[in-house]
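Protein chains: 4
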Amino acid sequence: MKLEATQLAAQNAPYLDTHDRSWDILRQQMESKGLNTKALLQQLSDLQIAIPSWALGAGGTRFGRFSFGGEPANLEQKIADVGLLHALSRSAGSISLHIPWDIPEDPAAIRELAAIHELTFDAVNSNTFQDQPGQAQSYKFGSLCHHSAEVRAQAIEHNLEVIRIGQTLGSKSITVWLADGASFPGQHSLRGALQRTQDSLQAIYRDMPEDWRMFIEYKPYEPNFYSTVIADWGTSLMLAEGCGPNAYTLVDLGHHLPNTNIEQIVATLMMKGKLGGFHFNDSKYGDDDLTVGSIKPYQLFLIFNELVYGMANNTANNPPLAWMIDASHNLKDPLEDLLQSLEAIRIAYAQALLVDQEALADAQARQDVTEAQEILQDAFRTDVRPLVREARWQDGGALYPIQAYRELGIREQLIEQRGMHTIATGL
Amino acid sequence: MKLEATQLAAQNAPYLDTHDRSWDILRQQMESKGLNTKALLQQLSDLQIAIPSWALGAGGTRFGRFSFGGEPANLEQKIADVGLLHALSRSAGSISLHIPWDIPEDPAAIRELAAIHELTFDAVNSNTFQDQPGQAQSYKFGSLCHHSAEVRAQAIEHNLEVIRIGQTLGSKSITVWLADGASFPGQHSLRGALQRTQDSLQAIYRDMPEDWRMFIEYKPYEPNFYSTVIADWGTSLMLAEGCGPNAYTLVDLGHHLPNTNIEQIVATLMMKGKLGGFHFNDSKYGDDDLTVGSIKPYQLFLIFNELVYGMANNTANNPPLAWMIDASHNLKDPLEDLLQSLEAIRIAYAQALLVDQEALADAQARQDVTEAQEILQDAFRTDVRPLVREARWQDGGALYPIQAYRELGIREQLIEQRGMHTIATGL
Amino acid sequence: MKLEATQLAAQNAPYLDTHDRSWDILRQQMESKGLNTKALLQQLSDLQIAIPSWALGAGGTRFGRFSFGGEPANLEQKIADVGLLHALSRSAGSISLHIPWDIPEDPAAIRELAAIHELTFDAVNSNTFQDQPGQAQSYKFGSLCHHSAEVRAQAIEHNLEVIRIGQTLGSKSITVWLADGASFPGQHSLRGALQRTQDSLQAIYRDMPEDWRMFIEYKPYEPNFYSTVIADWGTSLMLAEGCGPNAYTLVDLGHHLPNTNIEQIVATLMMKGKLGGFHFNDSKYGDDDLTVGSIKPYQLFLIFNELVYGMANNTANNPPLAWMIDASHNLKDPLEDLLQSLEAIRIAYAQALLVDQEALADAQARQDVTEAQEILQDAFRTDVRPLVREARWQDGGALYPIQAYRELGIREQLIEQRGMHTIATGL
Amino acid sequence: MKLEATQLAAQNAPYLDTHDRSWDILRQQMESKGLNTKALLQQLSDLQIAIPSWALGAGGTRFGRFSFGGEPANLEQKIADVGLLHALSRSAGSISLHIPWDIPEDPAAIRELAAIHELTFDAVNSNTFQDQPGQAQSYKFGSLCHHSAEVRAQAIEHNLEVIRIGQTLGSKSITVWLADGASFPGQHSLRGALQRTQDSLQAIYRDMPEDWRMFIEYKPYEPNFYSTVIADWGTSLMLAEGCGPNAYTLVDLGHHLPNTNIEQIVATLMMKGKLGGFHFNDSKYGDDDLTVGSIKPYQLFLIFNELVYGMANNTANNPPLAWMIDASHNLKDPLEDLLQSLEAIRIAYAQALLVDQEALADAQARQDVTEAQEILQDAFRTDVRPLVREARWQDGGALYPIQAYRELGIREQLIEQRGMHTIATGL
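Residue numbers (the working numbering), protein chains in the order written: chain A, 106 to 532; chain B, 106 to 532; chain C, 106 to 532; chain D, 106 to 532.
In case anyone wonders, no lab produced these hints; they're calculated from the structure.
Among the hints, erroneous ones may be present.
Since the list can't tell identical chains apart, any single copy or any two copies may satisfy a pair.
No farther apart than 20 Å at their CA atoms in a straight line, the calculated lysine to any residue pairs in the SDA-like style are these [said to hold, decoys possible]: (1) K143 / L504; (2) K245 / R170; (3) K143 / Q112; (4) K277 / A484; (5) K245 / E476; (6) K245 / G349; (7) K138 / A241; (8) K377 / G347; (9) K245 / Q472; (10) K377 / S150; (11) K245 / G174; (12) K277 / Q134.
Could you put the whole structure together from the sequences, leaning on the hints where they help?
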């Protein structure tokens, strides 16, 4: 299933007038402040977020999974789903594969299909946190950190295999996320496990193509854990530095202890030129994988404020970031949920672009704390939705993506085509 | 010092056109959705927040206190400061006294002064968390919970004295906040301390005038603590119910463990008709007493969403709430800081008033989680500042209170009148 | 499979001398302090912990489940497993069933089997957090809190069915744990959901036999949640009081926000006579369901200290508590894991029994904080293992249960009897 | 005031028999397991903890400070107090000065006095978190991170001055702890502040004597903060590496976000050879500065387990650690409180020394999680107090330090000598 430009144009038509009016007002308002609205539209248009191949079906918890109907049953259908998201939002221009859930059998055909949907392949993701049927060694007690050299060798080889698959699709980076850790004090040597993980990552890095990047994810805990091997950004950075210049830290918004100041981690990593990528989601308690911006939109704005600042003051040559949504869709239609996340990301980015950096720097230099807060909050309180909408419309997307999705009856068509009880591979 | 209407009118004049345009746009937008803007303006105008008498000077931490200049040195000057806040914002129409920091020597004169500034006296606050010079018994090991009957009797009598003082000013409620607790396991009997606190509160309640209300605050910890006697809303509610119908729970936004869902506590207490009041502030880690809305504005909105819902569905006869700002001003000019807090509160309230409750209830009935989120976020993402500004302007306040405060040179005048090194009584 | 007394006697024989010596030393030490060792042994012997029927197989996380071999495949085998635990430890004298995972087909036979293993049936547990095949209504959006009366009616009827099943086995209580809640702000009305839950619980309570008790569990969050309906002890207590005298709050050690003072909750509930039961486990981050005492043994001791105090000062007629282990066994042999938990519980209880309550009360009265801490820590630092071992030995159990379990080759025999790839029903 | 050996001998005499018996039993028990008790006693004897000069008086919170009577009024008296602690415990063999609270006027005399009490001078501590009277620049908005070069220069020079003072006393290290940070988003550039802090630390490091070490402390938050510049160990390590080989990270147990796995940070830093020192205390909620071991003794044991392992497997040449107690004494007699802390530290160290490292490594290699936990808990559950006591007694200390302190009437003598209302300089 593929949305055609004419469909969207027809869908947008009745709302265009209202949008134009609100965009006009906002545009004038911004221009009166000296903002370059053309440049803003371009920056928004350039922000493309990868959709992970495993997040297009209903997620689940330990209590069960409520299938949604019309879920994509194979990689081709997943690409079609991301294509739909991109057609509607013009901001989901790439897809991030998870191996072994989505091994392409005919890479050339898959690349062609992606191109039809105007999609590229972003970072590939390895999986050594689950045992696959027929696997020689079990990851029950870890993978890259495992006490046994055989298990580590298998996990290293899996990562290299993932890279090879990624190469066939044009990916240029691999994200390594581990569930390695211990459930109990004493289960393994904390130092030994870290050292072995370092060695294993170096082995992968050594055989990674020169034009690839490795993103090392961190996470403080999983359910039923006492410790994870890569618990925080400090450990991830240490491991990345231990690998080499093409290894970076990847930040997932949900992978932090309570009250962590995530925007500060972002600032620090960009100062070191070591921020590789971002997994977006939101959370109230732990790694809740909720819709982006559904719980802490101001934190999201503050993070984007650091990203905007970091990209504009890139003294350490931090490379362009790999952006991805990493949420779980248990109750909402996954496609609607992702559209909400995409919108929240663009809104936060637009707000951050509105921050008057010069005035802010000036207020900071004068220790004018009141004024500094006013500047940030003025940007955050601005209703930037007409701007975000205009950028999307200029790129050929839907003015109101969720509304369009519903009015066009997309889920109904997917169910008709694919059936009610398909189940997407993935978590 | 008192701001005159003509001063503010002159101050507003050059900005009125711009405001009118933005208000016009927002008004039309709201009215096209069927909203009654007149009623909205009235609701905003009615929301009056008490300013505590101890928060008008620079706050401090254990590392020191940086005095701000022109701080109010006595109760009269504090009233003048709140009068300034009210004149500028039209939303700070009452003052909350703390005894013994602000004992009025001539209550009638103080009431008259307050009336001149259009201020009333909200809840009075007792203090049994510090020893006063010459005090017979020490609160080092607690007050209402103390093992010794003499200490408890002194603390009970202090609360009754605070009520008597409040009566002379027209207050109708007392807020009881305790720092009672233990630094170490075993220091006191957890049960014994709670039982004695219950008994002490009942003793105060028995002698409280019939038309008064008692607000019982809770807080999970203080620095250097192992436990507090009234640790959470459950304990506070239990104690309030143990006292009688005029005892209520008071919620301070900063008094919760990490990740607490505060809006749910609000909803629960309103269902029971037992929410007495609110202390506004914001925090990232603990009881940080930061400017309202400076860290988690969406949480503030969600709380107001419950309050608006609760007030409109008041099946348990919850009385009107006592609202107060309880922040600490260590770096900013206290008056500017309070103006920012007042603005953030009105913004959150205005956003909550915009929530389409009917559509929300309908989406909830259909389990349409996507739609329910859209409804809430549509309200939150709306730039309601023109609405808040219009309500303030209609009430005779400043369009841009902080700007007016600066342009009118108020702090400079206060310093001139009061001197650079006055220190406000209080924390 | 059933352990015979002679087997255990033979197993214990070589270690008896060493044990006797260490017990002798400890006994003299305790008696020199005026402790009644006979009474202590009796109290320890009386502490019997229920084993939940779902915890005898390997647990799992969202990443998979590593089956252990020889897992019980039906209720009979589960009873046999608990029988083994009880034979070895003499402290696992009851079993707590989970419906529908363990519906007894022939209750009389099941009771007889349990009696052979000297087991009784403790609280039964309902399950409205998962959909069962063929179920008319789905719990995707809640059960007792659901917006739809049909769903609530189904969930109420399920609870009553669980009670009826429990009656056939001699159970006298039901534990209600709900995963009801919302993933997103706005998903449901917080107040409406709470009110409906109250109504549903009252409906169950009304039809519960008069000699039964209802235990209402609370929990602040699940993964992918924004709120749970019964988030904390305050809500649970409110609901229990709304039901009647036979409804109580149940505390699960893992169901709290970070840094919660659990022992204080225990003290408060016992003061109200409303503490119904306890689910033991341990955790470092969230609801980790780790082995009891594996992370925070001092907290466990402090909790038992409150329990011992509460049972000795039972002014509010709190009934005897229902004790249960609620842990998940992902990496260890479930039976070994449970033996470690049982040991940790008895150790903490024994330490709490050693606390010199009179001296403690005296130190508290004198505000001697140093001394109060010394008294608690003296008890905690005492090596009470010989006492715990002696109680077990006198009751016919193993001196060293895990060692006995291994030396007797129990797991190997279970695998031989049941096979390597059985999977226990349950989570 | 100085305790004489004869005083202590007389004090110990009546308890010696009982101690000897319990020590004998434990010694035999340990030797039967192949432990070298002589070596253990030596290791315990070698563990010397610095007492900070500011912790000998009553601490305070924002609510007040309850003076204790007989507090040391000058550096000489502080040294005498530490001398008392060392005489009683034989484990407080050094003192850590805080400048400017304790500037020695006659260094030679101070060194001589310290020598009389068998004390050395450990790390000196600088203070740029408070303004001193007459100071040219204020630290209200930071010190080493400040936007203004003048403020930074003053803070750098202060640190160098502290080093020079330390040199006169024989210190060889400086601990830098900053309260630099921001109360609000936008207050300062997160990246700018970090960069300036790096530059300032490098400036201090450059001028530090070659045989000195710099310890960089981290802390995630202070009350009323939004961010601290050196928030976590990752930032501290980055800064230390940016300075050079003699800069290290210092861990304070209370300086972590909720649920942080501190023992893992210790293991990681030792693997890098970058763990410089330790500030001991305990906490339930935040940086509570409670008595060591009063809340989480098992965590303390697990930390020591990593330290023991790290010192025995020191592949990265981590230097010997600087140990210090950093607690606050608000309710207990400060000297009694410190004696409890010293005891808790030695107990945890002794327990960690008992861990059978060989068996543990073997269990880990076999993934025998049950056994690994048994090994750790066997050590922790052992009552090592006779061992700790014997080590102290052999070194000439008191068998029961707190009891001795009380029976010898030390506090009463201090009050008699120094008066009831002295106040120690410090926080």
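Outcome of the hint check:
In this assembly of identical chains, K143 and L504 lie within 20 Å of each other by CA distance solely inside one copy; the values are 18 Å within and 31 Å between copies. Within a single copy, K245 and R170 get their C-alpha atoms only as close as 23 Å, which misses the 20 Å cut-off; across copies the closest is 9 Å, which meets it. Taking CA atoms no more than 20 Å apart as the test, K143 paired with Q112 passes in neither setting, with 26 Å inside one copy and 41 Å between copies. Taking CA atoms no more than 20 Å apart as the test, K277 paired with A484 passes in neither setting, with 35 Å inside one copy and 41 Å between copies.
For the identical chains of this complex, K245 and E476 are inter-copy neighbours only, at 17 Å across copies versus 54 Å inside a copy, given an alpha-carbon limit of 20 Å. Taking the shortest Cα distances, K245 and G349 never come within 20 Å of each other, neither inside one copy (29 Å) nor across copies (40 Å). With identical chains, the CA atoms of K138 and A241 are never at most 20 Å apart, being 64 Å at best within one copy and 40 Å at best between copies. Proximity of K377 to G347 under the C-alpha cut-off of 20 Å is found in both arrangements, the shortest distances being 14 Å within a copy and 11 Å between copies.
When the C-alpha separation of K245 and Q472 is checked against a cutoff of 20 Å, the pair qualifies only between copies, where the shortest distance is 10 Å, while the shortest distance within a copy is 53 Å. With identical chains, the CA atoms of K377 and S150 are never at most 20 Å apart, being 27 Å at best within one copy and 44 Å at best between copies. Taking CA atoms no more than 20 Å apart as the test, K245 paired with G174 passes between copies only; the shortest distance there is 15 Å, against 33 Å inside one copy. For the identical chains of this complex, K277 and Q134 are neighbours neither inside a copy (41 Å) nor across copies (47 Å), given an alpha-carbon limit of 20 Å.
In this structure, the earlier hints numbered 3, 4, 6, 7, 10, 12 are contradicted, and the remaining ones agree with it.
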